[in-house]
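Peer 1: Listed below, chain by chain, are the residues.
Number of protein chains: 2
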Amino acid sequence: MPQPDLDAQLAFLAEADKLKSVDRANTLNDLSRQENSAEHSWHLTLYAMVLAGQAGPGVDIGRVIRMLILHDLVEIDVGDVPLHSAGGQAHDSPEIQQAEAEAARRIFGLLPPAQAAEFLALWQEFEANRTPDAVFAKSLDRTQPLVQNLTSDGAGWVKYGVTYDNIVSRVGEKVARGLPAVWDELHCRVRAFFGLA
Amino acid sequence: MPQPDLDAQLAFLAEADKLKSVDRANTLNDLSRQENSAEHSWHLTLYAMVLAGQAGPGVDIGRVIRMLILHDLVEIDVGDVPLHSAGGQAHDSPEIQQAEAEAARRIFGLLPPAQAAEFLALWQEFEANRTPDAVFAKSLDRTQPLVQNLTSDGAGWVKYGVTYDNIVSRVGEKVARGLPAVWDELHCRVRAFFGLA
Chain A
1 MPQPDLDAQL AFLAEADKLK SVDRANTLND LSRQENSAEH SWHLTLYAMV LAGQAGPGVD
61 IGRVIRMLIL HDLVEIDVGD VPLHSAGGQA HDSPEIQQAE AEAARRIFGL LPPAQAAEFL
121 ALWQEFEANR TPDAVFAKSL DRTQPLVQNL TSDGAGWVKY GVTYDNIVSR VGEKVARGLP
181 AVWDELHCRV RAFFGLA
Chain B
1001 MPQPDLDAQL AFLAEADKLK SVDRANTLND LSRQENSAEH SWHLTLYAMV LAGQAGPGVD
1061 IGRVIRMLIL HDLVEIDVGD VPLHSAGGQA HDSPEIQQAE AEAARRIFGL LPPAQAAEFL
1121 ALWQEFEANR TPDAVFAKSL DRTQPLVQNL TSDGAGWVKY GVTYDNIVSR VGEKVARGLP
1181 AVWDELHCRV RAFFGLA
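Chains as they are written, first to last, in my numbering: chain A, 1 to 197; chain B, 1001 to 1197.
Mixed in with the good hints there might be a few duds.
[Claimed, not checked] Keeping only pairs whose Cα atoms sit at most 25 Å apart, straight-line, the calculated DSS-like set for lysine-lysine is:
1) 1174/B to 1159/B
2) 1018/B to 18/A
3) 159/A to 1159/B
4) 1018/B to 159/A
Please keep in mind that the hints were generated in silico from the structure rather than gathered at the bench.
Make a model of the complete structure from these sequences and hints.
Peer 2: Pasting the structure below:
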């Protein structure tokens, strides 16, 4: 019996495979290669499980995890725009935001309409970064590359000439917003990395 | 202020990074390289979200997703044992099961004790494959590589000399247990792949 919804879902899942070929700025901890956005997304979901106890009131970890599973799929069309590229400006530019919004419509649009709308809304909520779930998810998305850099000789930071002040202003504030106790600890480690007292 | 639980959690999350270097039998859809177990785990969580409507009664998709996030971490110590290696026998051997159980104790044991126990129990439930959540998760874990093979010229099947009958007996039964309608569709595609009417 024909199953048109299933055909659409399998086509979406095949398209999603391309996220495994999108490279990010940071490396694996052993410096063997760049991290890709699919395995980064998996690592983030594990961060969410492990650091669930740090979540503020009103955070639904299940929704956070679903946001994180979806959050980078737009990079299949747009690529990863490193946080520290172009002096930290490129990442949030209107051009990138528009390209990502178009990518979201195309990629989630492969799904049956009701599911496409549900996934698109979850991705838009993440991007808007206003609900407790989105704020926690965004904080995790800033925390994981910070930790990756700390455990891999700052490979991504060296590549983009990132300073201590860049990290505090571009990363610290967002980590602290959803994960204040984690930022306290990581801030100490960042200071030590840069040889500050 | 010292945060010993957070130190343990960050050490666990750094250890988990190693799953990105565990290669699997199947390739990416574009045949560019082997898939690794971290990105496979991410893809599986997306399968769970997309195919949630196929889940039988009593399945909690949030728990299924958490199982899938954790399910392959033992491969950091044991490696991926391909389903079709050694005539399909090696994958479920008592030696592999024991090695994986030891790996689970070591790796989850890096976490604070209560969280270690929670994650270990979830992994054990997945492995035992008896609860509705575990059955659905295991079915997804058989479905994704089947689809990867179908969309990448059967690269993993060719490598291990896998026949149509092997797929029906080693994969089909487990897919059908949790995802019967999906198996109906994939069974047709497998028959077509092998040139069967």
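Peer 1: For every hint, state whether the structure bears it out.
Peer 2: Hint by hint, here is what the structure shows:
1. 1174/B to 1159/B: holds (22 Å)
2. 1018/B to 18/A: Distance ~21 Å between residue 1018/B and residue 18/A Cα, so the pair holds.
3. 159/A to 1159/B: violated (38 Å)
4. 1018/B to 159/A: Satisfied, since the Cα-Cα distance of roughly 22 Å is no more than 25 Å.
When held up to the earlier numbered hints, the structure conflicts with hint 3 and nothing else.
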